[in-house]
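2 protein chains.
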Amino acid sequence: MKLEPLKIQHDLVAWLTVAGDKIRQSLTEELQVNTKSGRNDLVTNRDKEIERFYVNQIRTYYPEARIYGEEGLGDEINDLSGLIFFVDPIDGTMNFVKQKENFATMIGVYLDGEPIVGGILDVMAQRLVVGGPQTGVMLNGRPLSKRPSLDIKDGLIGVNSRMLSENINQVTDLIRLSSGARITGSAGVEFSQVIMGKQIGYISNLSPWDVAAGWAIASALNIEAHTIAGQRPSLLKREIIIAGIPTVWQNFAKLQS
Amino acid sequence: MKLEPLKIQHDLVAWLTVAGDKIRQSLTEELQVNTKSGRNDLVTNRDKEIERFYVNQIRTYYPEARIYGEEGLGDEINDLSGLIFFVDPIDGTMNFVKQKENFATMIGVYLDGEPIVGGILDVMAQRLVVGGPQTGVMLNGRPLSKRPSLDIKDGLIGVNSRMLSENINQVTDLIRLSSGARITGSAGVEFSQVIMGKQIGYISNLSPWDVAAGWAIASALNIEAHTIAGQRPSLLKREIIIAGIPTVWQNFAKLQS
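Each protein sequence line maps, in turn, to chains C and X.
Sequential numbering from 426 applies to the first sequence in our numbering.
Sequential numbering from 426 applies to the second sequence in our numbering.
Hints may be right or wrong, so weigh each one.
For identical chains, the list gives no copy identity; a pair is met inside one copy or between any two copies.
Listed below are the simulated DSSO-like cross-link pairs for lysine-lysine, each with C-alpha atoms no more than 27 Å apart in a straight line [said to hold, decoys possible]:
1) Lys473 / Lys623
2) Lys427 / Lys461
3) Lys427 / Lys473
4) Lys525 / Lys623
To be clear, the hints were calculated from the coordinates, so they are not data collected in a lab.
Pulled out of the complex, with its shape left as it was, chain C reads as follows:
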């Protein structure tokens, strides 16, 4: 199998755009909302429809690939061998339900655990960031450049509400060193903010489909992603991820000792 990152990137742009259109067109239709792991972990019929759309596209055009999807319509994934598409049909479902904005649809593509291409569409803002280490990164078709290094005091950091309120892993102390905290409620939107340079970091407890797209894109732009132990994201389980320009991880690591 010959890997064609530009072809995959082209397909991601097409699929995410179609999915975004479907979601926006269906905003006036009634939504069936159910809970998953807890009362604030939501899933809707729209999440499942969009995941089904992605799974059909991937099975048709990349039959050799495996699929790791949030709503479980893909495969059971226990290792990272081969070509894997990580699919999050609606990231920030709470925002989708309550705000009708500030949510994303996204896909990350990896080969043997190495990032190839990712795409994140902020559906209502119609901002599509796509790219990877071999293809470069674009925002709505225009190139984005590597993020400059900044002091921790000069940037905003997106965080998880519980980590901030309980100072988990000294995240609250880290925020005090920065320009401030933001809470958006969508990993996709938060990664996009970092990729566009509107925040210098994002720290949260994330599932593989929350991380895969953002990390694939970010890794082309001087943006890192670490576990609390300083390792790469495992992409196989839910874990705390520190993403951002290098200064974010350096300051986070210093606060752990």
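Start from chain C and add chain X according to the hints.
Using the frame of chain C, we list chain X on its own:
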């Protein structure tokens, strides 16, 4: 003096729109950024230019009014008698500087301390909410209706980062009862979210110009604003304000005992 709320509302729409245009057009120009009370309390030359524009308009068309402006180009206000325009030229200056979005320009108008009309423009989203108790509320020219009552568990609440991380006034406990916390970094954007029904509340430590526009609009829509003692905002000093649909205040008050 005969009070004409619709005339004032008309003028707010015009001035906020012009100010928004000025700010957007100047986004590519270099910004002079200075700090005020601390390293994360920013002011720019743009804040001052826009406040000067508002002050000139108000002095011309409402010469009898007094002006309470964030950047101090208005009057010194120690009581609420007569007609007062509360002016915040750029609310969320940190976002303006770092994100180039998620900031607002806003004006609230009060007569003897009673809300008459307010207007908030989310400058980059180009969302203008305007209105008051006698004129009704509009979003970009379309009427908004009163907010329905919701259980605390069914809505998102905007908060101040420090109040969330230190559980000040049990705000963290309140958030646990809700659908979750959001941190935007602009009081104007947060009030707009509540007015549009995307959040059920907003709790923060706010100056008079942060509160005035939002409270004037919100008071027409079944949205309340209280101090921690359960009183109306004083509009004369910085204080913690609990704004939202009635259930937010009820749950907040219960947690104080």
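Quick rundown of the hints versus the structure:
1. Lys473 / Lys623: between (31 Å within a copy, 23 Å between copies)
2. Lys427 / Lys461: For Lys427 and Lys461, neither the intra-copy (38 Å) nor the inter-copy (58 Å) Cα distance is at most 27 Å.
3. Lys427 / Lys473: For Lys427 and Lys473, the Cα distance exceeds 27 Å both inside one copy (31 Å) and across copies (58 Å).
4. Lys525 / Lys623: Both, since 22 Å and 8 Å are each at most 27 Å.
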